[in-house]
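Using the sequences and the hints given, assemble the complete structure.
Protein chains: 2
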Amino acid sequence: MKLYENTQAPNARRVRMFLAEKGIELESIQVDIIKGENLQADFLSKNPRGLLPVLELEDGTCIDETMAICRYFEDIQPENPLFGHDAKSKALIESKNRQIEFDGLLPLADILRNSAPNFANRAIAGRENVQAISELIPRGKSSFLEFLNRLEQLLTQNEYIAGEYFSVADITAFCVIDFASWVKIEIPATHCNTITWYNKVVTRASALA
Amino acid sequence: MKLYENTQAPNARRVRMFLAEKGIELESIQVDIIKGENLQADFLSKNPRGLLPVLELEDGTCIDETMAICRYFEDIQPENPLFGHDAKSKALIESKNRQIEFDGLLPLADILRNSAPNFANRAIAGRENVQAISELIPRGKSSFLEFLNRLEQLLTQNEYIAGEYFSVADITAFCVIDFASWVKIEIPATHCNTITWYNKVVTRASALA
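Residue numbers (UniProt numbering), protein chains in the order written: chain U, 1 to 209; chain A, 1 to 209.
It is worth saying that the hints were derived from the structure and are not from the lab. There may be inaccurate statements among the hints.
[Unchecked claim] A few chain U residues facing chain A, derived, Cβ under 8 Å: (1) Asp64; (2) Ser95; (3) Ile124; (4) Arg150.
[Unchecked claim] Below 16 Å or equal to it, Euclidean Cα-Cα: the simulated EDC-like pairs (lysine to aspartate or glutamate) are: (5) A:Lys88 x U:Asp75; (6) A:Lys88 x U:Glu58; (7) U:Lys88 x A:Glu58; (8) U:Lys88 x A:Asp75; (9) A:Lys90 x U:Asp75.
[Stated by the list, open to error] Sample of chain U residues lacking proximity to chain A, with all beta carbon distances greater than 12 Å (derived): (10) Leu19; (11) Glu25; (12) Gln30; (13) Gly36; (14) Asn80; (15) Phe166; (16) Ala189; (17) His191; (18) Asn193; (19) Arg204.
The beta carbon of each residue, even a glycine, is placed where N, CA and C say it ideally should be.
Here's what the structure looks like:
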C-alpha cells in the first residue's frame with residue numbers, strides 16, 4: 001500500500017496521526033500542492049478530484065477522503081479502536097468528527113484559500129481557475145471563533161472530544177487547531193478546557209507524525 | 001427514540017430514506033426551519049448547532065449529523081448493509097458519500113442560502129446574522145456542474161455510486177439531485193448514465209420516504 005500525501009497538509013497529517021496511533025507504517029509519496037502537482041495528470045489518475053491524501057491498495061484501488069482511509073485501517077486493524085466501540089460511541093464520535101470538519105476545518109480552508117497568494121486562482125482545493133472571494137475571510141473567521149467557543153463548551157463536559165476516550169475526533173480537532181496557526185488564530189487564553197485538552201494531546205507520540 | 005426533522009430538508013430526507021431501506025419506523029417531530037424553530041431554545045437544547053436532523057435516544061442522548069444517525073442504525077441493525085460489507089467496500093462507500101456531500105450538497109446549500117429570501121441573513125445553516133455573499137452563487141453553480149460531470153463519469157463504470165450494490169452513497173446522491181431542483185438545476189440531458197441510475201433509484205419504495 002502507498003499513501004499519497006503532503007507533510008504540510010492538515011488532512012494528510014490526520015491520516016499520519018491515525019496510523020501512528022494504530023502503529024501502522026506505510027510507504028509515503030509526497031505530492032507538492034503549492035507547485036500544483038496534485039492537479040497534474042499523474043496524480044489525477046489516482047484521484048480525479050485532485051485532493052490529498054489518497055491510499056493506493058495493493059490491487060491498485062485508490063481510496064480518497066481522509067475519513068475513508070482512516071476507516072479502512074480501523075477495519076483491517078480494529079485493536080485500539082478510534083471510531084468507538086459500540087453503536088452509541090461510534091455515532092457520537094462520527095457526529096463530533098463531522099462537526100469539527102464542517103465548523104472548524106472548512107472555515108479555515110476558506111480563510112486560507114481565499115487569502116493566500118500561494119493559492120491565487122485556486123480558491124477551492126483540487127480545482128483550477130477559481131477566484132478568491134474576499135468576503136469569505138471574515139465569514140470564515142466568525143465561523144471559526146464560534147467553533148472554538150463550542151469546543152470549549154464541549155470540553156467542560158468531556159475529557160476528550162467525544163467522551164472519556166481519545167478518538168479520531170480528537171485527531172481531527174488537534175490537527176485543525178494547529179492548522180489555525182497558518183491563519184494566525186490561536187486558542188483564546190480564556191479557553192482553559194481547550195488548552196488543557198490540547199496540552200494533553202500534544203504529548204502523544206502520534207502528535208509528531 | 002425520536003427523530004427531529006423536517007419533511008422538506010434534504011438531510012432529513014436522507015435519514016428517512018435510510019430508515020425506509022432498513023424497514024425501521026421512528027417517531028418523527030417536525031421542526032420548521034423557515035420559521036426558525038431550529039434556532040429557538042427548545043431545539044438548541046437538543047443540538048446547539050441548530051441543525052437537523054437529530055436523533056434522541058431513549059436515555060436522552062442526542063445525536064446530530066445525518067451520517068452519524070444512519071451509522072447508528074447500521075450498527076444496531078446490520079442486515080441489508082448500506083455502508084458496505086468489508087473493509088474495501090466500506091472505505092469506497094465512505095469516500096463516495098463524502099465526495100457527494102462536499103462536491104454536491106455543499107455547493108447547492110451555498111447557492112440556496114446565499115440567494116433565497118427565506119434565508120435572508122441566515123446564509124449558513126443553523127446560524128443567525130450571517131449575510132449572503134452573492135459571489136457564492138456562480139461559484140456554487142460551477143462546482144455543482146463539475147460534480148454532475150464527475151458523477152456521470154463515475155456511473156459509466158459503476159451500476160451504483162460505489163460499485164455494484166445500492167448504498168448510502170446512492171441515497172445521498174439521489175437526495176442531492178432532487179435538492180438541485182430547488183435551485184432549478186437538473187441532470188443534463190446528455191448525462192445518460194446518471195439518468196438511467198436516477199430512474200432506477202426513484203422506483204425504490206424508500207424514494208417516497
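Hint check:
1. Asp64: This interface hint holds because 6 Å falls under the 8 Å limit.
2. Ser95: Because about 4 Å separates U:Ser95 from the closest Cβ in chain A, which is inside the 8 Å limit, the hint holds.
3. Ile124: Hint holds; U:Ile124 Cβ to chain A Cβ min 7 Å, cut 8 Å.
4. Arg150: Nearest chain A Cβ about 6 Å off; hint holds.
5. A:Lys88 x U:Asp75: Holds, at roughly 9 Å.
6. A:Lys88 x U:Glu58: holds, 12 Å
7. U:Lys88 x A:Glu58: holds, 12 Å
8. U:Lys88 x A:Asp75: holds, 9 Å
9. A:Lys90 x U:Asp75: holds, 9 Å
10. Leu19: holds, 14 Å
11. Glu25: Holds: least Cβ distance 18 Å, greater than 12 Å.
12. Gln30: holds, 21 Å
13. Gly36: Holds, because the least Cβ-Cβ distance between U:Gly36 and chain A comes to about 17 Å, which exceeds 12 Å.
14. Asn80: Fine: 16 Å to the nearest Cβ keeps U:Asn80 off the interface.
15. Phe166: Given that every Cβ of chain A is farther than 12 Å from that of U:Phe166, nearest at about 18 Å, it holds.
16. Ala189: It holds; U:Ala189 is separated from chain A by about 23 Å at its closest Cβ, greater than 12 Å.
17. His191: holds, 16 Å
18. Asn193: holds, 16 Å
19. Arg204: holds, 25 Å
Hint compliance for this structure: every hint is met.
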